[in-house]
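Peer 1: Spelled out from the first residue to the last, the chains are:
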Amino acid sequence: MAVAERGRSPALLPPVSERLGPLAWLKRNLFSTWYNSLLTILVGYLLYVVLVPFFEWAILNATFFGDSKEACDFDGACWALITSRLGQYLYGLYPVAERWRVNAAFLLLILAMVPLFLPRFRHRLLYACGLVFLYPPVAYLFFAGGVFGLPFVETAQWGGLFLTLVIAGVGITASLPIGVLLALGRRSEMPVIRALCVVFIEVIRGVPLVTILFMASVMLPLFLPPGVTIDKLLRALIGVALFASAYMAEVVRGGLQGIPKGQYEAAMALGLGYWQMMGYVVLPQALRMVIPGIVNTFIGLFKDTALVTIIGLYDLLGMSRFIIQDPKWLGLAAESYLFAGFGFWVFCFAMSRYSMYVEKVLSAGERR
Amino acid sequence: MASASHRPAPPRATAFWRDPRVRALFAQALVLGLVLLGAAYLVRNTLLNLERLGVSSGFGFLNTTAGFDISQTLIAYDRTYSYGRAFIVGLLNTFYVAAVGILLATVIGFVMGIARLSSNWLVAKVAAAYIEIVRNVPLLLQLIMWYVVVLGGLPAPRNSLALGESVFLNVRGLFIPRPQFEEGFGWVVAAFLASVVAVVVLARWARRRFEATGQPFPVFWTSLGVLFGLPALAFLLAGQPLSFEYPVLGRFRITGGMVMLPEFMAMVLGLSVYTGAFIAEIVRGGILAISKGQWEAAYALGLSRGQALRLIIVPQALRVIIPPQTSQYLNLTKNSSLGVAIGYPDFFNVAGTINNQTGQAVEVIAITMAVYLTLSLLISAFMNWYNARMALVER
Amino acid sequence: MRLLGTVVAATMAAATGLAAGSALAGPTFDAVREKGFVQCGVNSSGLPGFATVDDQGNWSGFDIDLCRAIAVAVFGDRNAVKFTPLTAKERFTALQSGEIDVLVRNTTWTLTRDTALGLDFLGVNYYDGQGFMVPKSLGVKSALELDGASVCVQTGTTTELNLADFFRANNMSYEPVVFETNDELLPAFQAGRCDVFTTDQSGLYATRTKFENPDDYVILPEVISKEPLGPVVRHGDNEWGDVVRWTLFAMIEAEEYGVTSENVDELRANSTNPTIRRLLGVEGEFGKNLGLPQDWAYQIIKQIGNYGEVFERNLGMNTPLKIARGLNDLWTRGGLQYSMPFR
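Chains as they are written, first to last, in our numbering: chain A, 0 to 367; chain B, 820 to 1214; chain C, 4 to 346.
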């Protein structure tokens, strides 16, 4: 296959505008050589064979509304499953009458985040830190209730996309600070602290997340004194957060290594202490440099939340598996999983686009 | 605190607790103490809990009879073997799926990575779509979907897709003939080993001649001929000492031959398609990282496009590609533990079963973590070694 | 440095003391009374008739009713119970660690579990045995015809072990296909990944109701094992164990003496039968001995029903499961259900 050879313009013609006619475009991009033409035809045929039936199944012959499988055509997708059970995909077994609380809490978060995007807002970092500490307890009150006349909703009833977002959100907010501390510890000059951090990071990164979740769900209770128990969801959250922070630590370490020594020396020459030096000089630069890496870790974390299905929590994936057990909807695995997959994809894709955007802005800043 | 040793020792007049070295020592002792304390507390709780409940502990259970069967065993195993043996069976299954997955993922990754850089618009877009879709959907979900596809797409045993009378494909797996080595096959193996030695010697000689005289020698084709020709000759001379045990369609299933379970197929497909997308991005990055000047310099030296790729571009690109590639291989191996969700008997799955049958949660988890940790360290050690070697060759 | 050592040692001692202090938690019964509800571990993969949860998160089933009966005995309130769905893998640790107070999750009573796992079994609420289900189209009439079959089985169960024993004892070969939960197993069975699905017979009946065409599957007559299923508590948890045990017995005794949720009020007022009077708390101090209210058994029967009622409601001939009483009939009718005397 030919590696891109753009910009190979015919030499003697007058400078043409960038716009090519459709035929010329086709000629240049699809049929430039005989093997390219062959390739185009081959790939085009394969796409035709795969995509056309899929399109017919998913759109043309699909049934979008209905109460049970009987409402659906045999040869099309049965999206009626999704539309009739959408509430469960989004909220799990959260009581229907209380679902507004989830919406309200997420709305609150969005509103609270607006100032961060105002160009003239000055104390962005301080505000963000405050949000990180203040929002989770507020959200917990909304979700769990039990106060102010809100009925208590057990975490066992949390589920669907809502639970996925809770786990990912907690993982993201917890892993960044812990990861930064671990990264600093790993580069510390104190051998004991360095060793502890290295061992922690390498052990966590060396084992699969399922073993950590499994340990959190099966072993953690044995670690605690008799009579003390931790909520199953909380155990999963601890597992996910620890796992993500080890990966985050390595990303942050990469940023720290990219800071020239002169920065440290300059900070020390100014008489700054360790935490001042890190907080005012090193970390702001280091974290900025690795924003794409951080977002990639977030994406990984978001996808990894699906693993809580294995320890019996009903996140988006667990819920889509739970719903197709209903005799009314038996045999609709494809629809259910495709929908769940689409749900995950939207969030991860958005994050990866954001990371690319930041990367572009950052590199533009450097070029200036 | 950590910056302490950068500073000159403070004058004697300051109190000792302001001495950065003392403070560093104290901080470390404090942290160590807290960590040890926490660990001691957890261990104590665990021991108390186990004692209170009367749960037996220790690794003695490894020698007792397992009593359960495993669907895919690469070594002899049935219910009468020990738990220890069951662990090993699971570990080998992990190796097996990881090895096949890594191979396939590398191929997919390289093809897709290069395809994404193709000047053919359609090819580039298809590759980009593949990467963007696969990378942004959880692997667990993909595995489950592959399993649904594999199970749903394959026919029942009685309607097997058959290739002649020897290869069958159905919902129970892919059945192929099992080679039976007869007396005299040792000659073929010996011939193969001899040809490997011959190829190595030939390559060295050709290289030395090339460096001395500048005359290239078609090492690749000669080697290929030797590698296949010599064993084939031995095979014929020894009287074709190889036969096959063919799979036979029985009442419920196909007996005999070798089988590739649908769980295994779904695992390999899922793992390699997922990891392949990441490798594709790494490969693309690696190729883009080589500056255009390298190509131009190679052409200026009169190298052909293939030679330029092989001698100039790829060695340099590999240097960029290998380190992230390592972690992808590592991820794939660790991700094979998701086999538990679709019934593939990998190490984690078997460990879970053993935990459940024995109730020795602490011991089983300890073994599981130790094994994965060792595996990770071994793979990264190997790749570090390989990486170092690549870097040296280059200079 | 010596100062440092002293500080560390002191902190360590303090923390150890803390640990020792919290290790002395009270027995389960007190803890249950204090928190005001019973935490009951139940089947997470949804076993129709035994434990299922509907769209709204409401639990129902045979095992669920036993959990509710325990709640009624302690609090007089059938809703003073919370359910923790557990997989086969999680169930014992959940109990060992105190996450749940009692496990009612179709769990087989075996020697190993009763001893080495630190558990106490309190009785049998369902006598079961392992069976096989096959698609009708396979034309199999007996489990002895299954040589060479591939068998779907759930991991971490006694089923998995019995299966291996059965095929070995009969000199037959098979291919095990092992899954973590029923949610994974059922689609595979229906897709034809395996010929046979094996689990406790009750589970087979329950599972079959989930199928699109239940009549396309048959359950083979052979029962290859004894599977006494019953409630479990932690080892050494005797007072609490008594409550659970006698809750079950009260339901069985009530059926034997013809006390139902319909006639319990009338019998309490008018019955002259001394056993019924003792059972319903009119005579004797049995509630006090158990640490329960005097009318505990009356409340169970009034709110939940006797054993037979619960069985018929969840599993009997008028349910999709259509399970006959069989071994679970009263001993007086040739079954095995037998309550120790209330006296």
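By construction, these hints were calculated from the structure, which means they are not laboratory data. Please note that the accuracy of each hint is not assured.
Claimed, not checked - In silico BS3-like cross-links for lysine-lysine, where the CA-CA straight-line distance does not exceed 30 Å:
1. B:K944 to A:K26
2. A:K26 to B:K1111
3. C:K325 to A:K327
4. A:K359 to B:K944
5. C:K325 to C:K139
6. C:K85 to C:K305
7. A:K359 to A:K260
8. A:K327 to C:K291
9. B:K944 to A:K260
Peer 1: Need the status of pair B:K944, A:K26: alpha-carbon distance at most 30 Å?
Peer 2: Roughly 16 Å separates the two Cα atoms, so the pair holds.
Peer 1: Has the given pair, C:K325 with A:K327, been kept, meaning a C-alpha gap of at most 30 Å?
Peer 2: holds (20 Å)
Peer 1: Going straight from one Cα to the other, do A:K327 and C:K291 come out at no more than 30 Å?
Peer 2: Distance of about 48 Å is beyond 30 Å: violated.
Peer 1: Take a quick look at whether A:K359 and A:K260 sit within 30 Å of each other, Cα to Cα.
Peer 2: holds (26 Å)
Peer 1: Is A:K359 close enough to B:K944, meaning Cα to Cα at most 30 Å?
Peer 2: holds (21 Å)
Peer 1: Verify the proposed pairing of A:K26 with B:K1111, using a straight-line Cα cut of 30 Å.
Peer 2: Holds, at about 25 Å.
Peer 1: Under the criterion that the straight-line Cα-Cα distance not exceed 30 Å, is the pair B:K944, A:K260 satisfied?
Peer 2: violated (43 Å)
Peer 1: Can you confirm whether the C-alpha distance between C:K85 and C:K305 stays at or below 30 Å?
Peer 2: holds (21 Å)
Peer 1: Do the alpha carbons of C:K325 and C:K139 lie within 30 Å of each other, as the hint requires?
Peer 2: holds (19 Å)
Figure legend: structure checked against the earlier numbered hints; hints not met, in rising order: 8, 9.
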